[in-house]
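Chemist: These are the residues of each chain, in order.
Protein chains: 2
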Amino acid sequence: MMTRKTSLKDIAQAVGVSTTLVSYVLNNKKENRISKEVAQKIRQAAQDLNYRPNQIAKSLKLNKTRTLGLIVADIANPFSAALARVIEDEADRQNYTVIFGSSEESPEKFQKLTTTLLNRQVDGLLIAAPAGTESQLAELQKQAIPFVLIDRYFPALKTSYVALDNAQAMYKAVRHLINSGYQNIGLVSFNTSLFHICERGRGYRQALQEAKLPVRKSWQKEINNAHIASEVSKAIQELVLGPKPVEAIVFASNTLTIAGLKQLKRLNKKVPTDLAVVGFDEAEAYELFETPLTYIKQPVQEIGELATQILLDVLNSNNRMIQANLEAALVIQDSTRPVMTPVLL
Amino acid sequence: MMTRKTSLKDIAQAVGVSTTLVSYVLNNKKENRISKEVAQKIRQAAQDLNYRPNQIAKSLKLNKTRTLGLIVADIANPFSAALARVIEDEADRQNYTVIFGSSEESPEKFQKLTTTLLNRQVDGLLIAAPAGTESQLAELQKQAIPFVLIDRYFPALKTSYVALDNAQAMYKAVRHLINSGYQNIGLVSFNTSLFHICERGRGYRQALQEAKLPVRKSWQKEINNAHIASEVSKAIQELVLGPKPVEAIVFASNTLTIAGLKQLKRLNKKVPTDLAVVGFDEAEAYELFETPLTYIKQPVQEIGELATQILLDVLNSNNRMIQANLEAALVIQDSTRPVMTPVLL
DNA sequence: CAGCTATATTTAAACGTTTAAACATTTTAT
DNA sequence: ATAAAATGTTTAAACGTTTAAATATAGCTG
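As they're listed, the protein sequences go chains E and A.
Our numbering numbers the first residue of the first sequence as 1 and each following residue consecutively.
Our numbering numbers the first residue of the second sequence as 1 and each following residue consecutively.
Please note that a few of the clues may not be correct.
Identical copies look the same in the list; a pair holds intra-copy or inter-copy alike.
[To be verified] Taking lysine-lysine pairs in the BS3-like style, the calculated list, with each CA pair at most 25 Å apart, reads:
{"id": "1", "residue 1": "Lys-5", "residue 2": "Lys-112"}
{"id": "2", "residue 1": "Lys-142", "residue 2": "Lys-112"}
{"id": "3", "residue 1": "Lys-112", "residue 2": "Lys-265"}
{"id": "4", "residue 1": "Lys-9", "residue 2": "Lys-58"}
Please keep in mind that the hints were generated in silico from the structure rather than gathered at the bench.
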């Protein structure tokens with residue numbers, strides 16, 4: 001019953017040649033040396049026996065698995081999911097398979113994941129690193145394991161990465177708000193050491209400073225990623241109902257944006273009448289908000305493709321260390337409608 | 001430089017024993033036979049040399065990869081993403097790795113994916129099958145490849161599956177609408193041969209029939225999955241603005257629900273004042289809609305866990321063919337607020 | 001001390017590939 | 001006619017594991 005899968009040996013036996021010859025034919029090697037008839041017979045037999053090369057054996061021999069490991073921050077996050085999809089596509093195009101895992105922002109889970117993936121002999125890694133994993137990455141580097149960081153990176157670490165120009169992205173958003181007549185602008189970001197998030201804060205402050213607007217500590221809310229719902233609710237409440245209410249809020253991630261919009265809805269604050277809002281990232285959810293949202297759009301496609309390409313280049317020893325900070329687009333919609341100036345009224 | 005990874009052989013050499021012994025020690029086999037000191041020395045050496053077992057070699061030898069293949073319909077869909085996450089977790093708990101791919105509902109892509117995954121010698125497959133893949137599944141079955149269907153299944157195919165009790169789920173939703181005073185109820189579903197979707201239609205009709213309400217063809221919209229945005233827009237328009245407008249709409253998937261809500265917003269129809277709505281599946285997006293949505297909640301966790309467990313049981317030859325139709329919950333919120341009856345006014 | 005048992009370790013083959021090198025046969029050149 | 005070159009195919013080893021079977025050594029029994 002349980003017929004074993006056909007191997008090169010089986011084909012060799014069927015045709016009456018050596019497995020070597022079968023291997024050569026099926027891999028199109030030494031083409032000029034092999035007689036047409038035999039090659040034909042071998043191909044026919046392979047087809048007849050429904051031959052499927054055993055990638056495991058191949059991997060063992062060649063010490064290459066044509067498999068990439070992908071570690072995302074949280075596969076349930078649409079940004080991660082989109083990235084995973086792009087990377088999977090690009091890898092597939094180059095005949096690579098992707099194994100993925102989600103670190104849930106935990107350094108321990110991250111450690112475990114890299115171990116698992118490396119045990120499976122992935123050829124290289126694409127990593128969205130959680131906070132506090134810098135030393136782990138340095139260790140990988142020391143072991144000469146090829147990897148490319150995506151989305152997040154550590155300025156002190158000399159590695160290839162593909163990320164956003166986060167400061168610029170946020171700067172652009174805040175400039176847009178200022179140009180649209182908003183002056184009291186709040187920020188809802190994370191309480192984290194992650195460099196890319198800090199950069200978003202920096203872009204926000206830089207835009208305010210350049211416009212000679214005050215940079216208030218109380219308007220920069222830092223949320224703990226583990227308690228988004230409650231902390232964002234509180235933050236928004238303080239921003240819009242406090243003694244110095246803001247005229248606009250800019251968010252530093254899609255999850256923060258969604259939590260924020262929910263709370264604004266709950267507080268019955270109207271956008272942009274009561275305040276303007278700029279979201280981060282795209283999300284289907286935004287489209288169901290009362291007002292079409294102005295948001296910072298990340299080039300997910302480019303990030304995923306470039307990162308994959310860099311990694312594959314490294315694997316094919318076309319060595320190149322690349323540090324890319326791609327530019328975000330600001331999609332301007334009604335949530336940041338320009339303020340009617342008193343002069344015009 | 002590029003130091004090769006340490007193998008059993010290296011450890012054996014370091015300690016001065018055979019690789020066999022190293023293998024035994026590191027796998028805790030023949031424990032009672034091996035001298036404590038040697039075992040200790042071997043373990044120490046393994047640690048010192050940072051030994052990582054080569055899973056590829058192991059797989060080749062044991063003809064088991066401890067890898068599951070997961071084929072989802074579309075990883076960008078939150079339902080798929082959630083499922084992937086649950087499955088990944090459950091597999092990981094049993095020390096299995098998951099390789100996944102997304103068929104995008106295409107039988108060709110599906111074919112390619114199964115081939116890829118099988119070439120990588122996955123031990124078994126978890127499959128959300130696209131329409132038109134029944135024969136491919138039958139073929140897998142013929143080749144005695146262990147798999148479990150998730151979410152979708154084919155009644156004619158004797159396979160293990162874990163899915164929803166789709167008819168029941170929809171029946172429940174429509175009954176709830178009827179009990180809440182709605183009589184003219186529209187359905188937005190897919191134009192597909194997929195059994196689980198058809199079942200949703202059946203549940204809808206059954207509820208209407210039992211309540212002696214007319215079942216109108218024009219109230220059952222069938223959308224082509226490739227053109228959701230445009231076709232749902234049109235369907236909604238017809239349902240709410242046509243000669244016989246409906247009082248309620250029930251959707252047959254999360255994507256349809258989101259597209260529908262967007263259009264209702266565009267048409268400025270108020271829920272539940274102008275009409276009631278029942279969504280399918282959960283989605284973060286629902287929470288940003290003007291009205292908290294009544295929706296059919298799938299037990300994603302259970303589906304993923306059960307499917308994985310069944311597959312693993314099969315792999316451990318605790319054979320069991322299981323066909324599970326799990327029950328959905330109806331989360332009742334404001335979008336189906338009971339109609340004020342004239343009597344009460 | 002022969003024979004047995006228990007304990008500790010090794011030998012050798014296998015999993016399914018790849019590939020350098022060897023071998024055998026035919027063709028070409030001189 | 002013979003050496004050299006070209007053509008076609010095979011041999012053998014290797015990748016890093018696992019594991020049945022063989023072997024070696026010591027301890028015990030009567």
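Chemist: Look at each hint and say if it fits the structure.
Modeler: Against the structure, the hints:
With identical chains, the CA atoms of Lys-5 and Lys-112 are at most 25 Å apart between copies only, with a shortest distance of 18 Å across copies and 33 Å within one. Proximity of Lys-142 to Lys-112 under the C-alpha cut-off of 25 Å is restricted to the intra-copy arrangement: shortest distance 18 Å within a copy versus 37 Å between copies. In this assembly of identical chains, Lys-112 and Lys-265 lie within 25 Å of each other by CA distance neither inside one copy nor across copies; the values are 40 Å within and 45 Å between. With identical chains, the CA atoms of Lys-9 and Lys-58 are at most 25 Å apart both within one copy (14 Å) and between copies (21 Å).
The structure does not agree with numbered hint 3 stated previously, though it agrees with all others.
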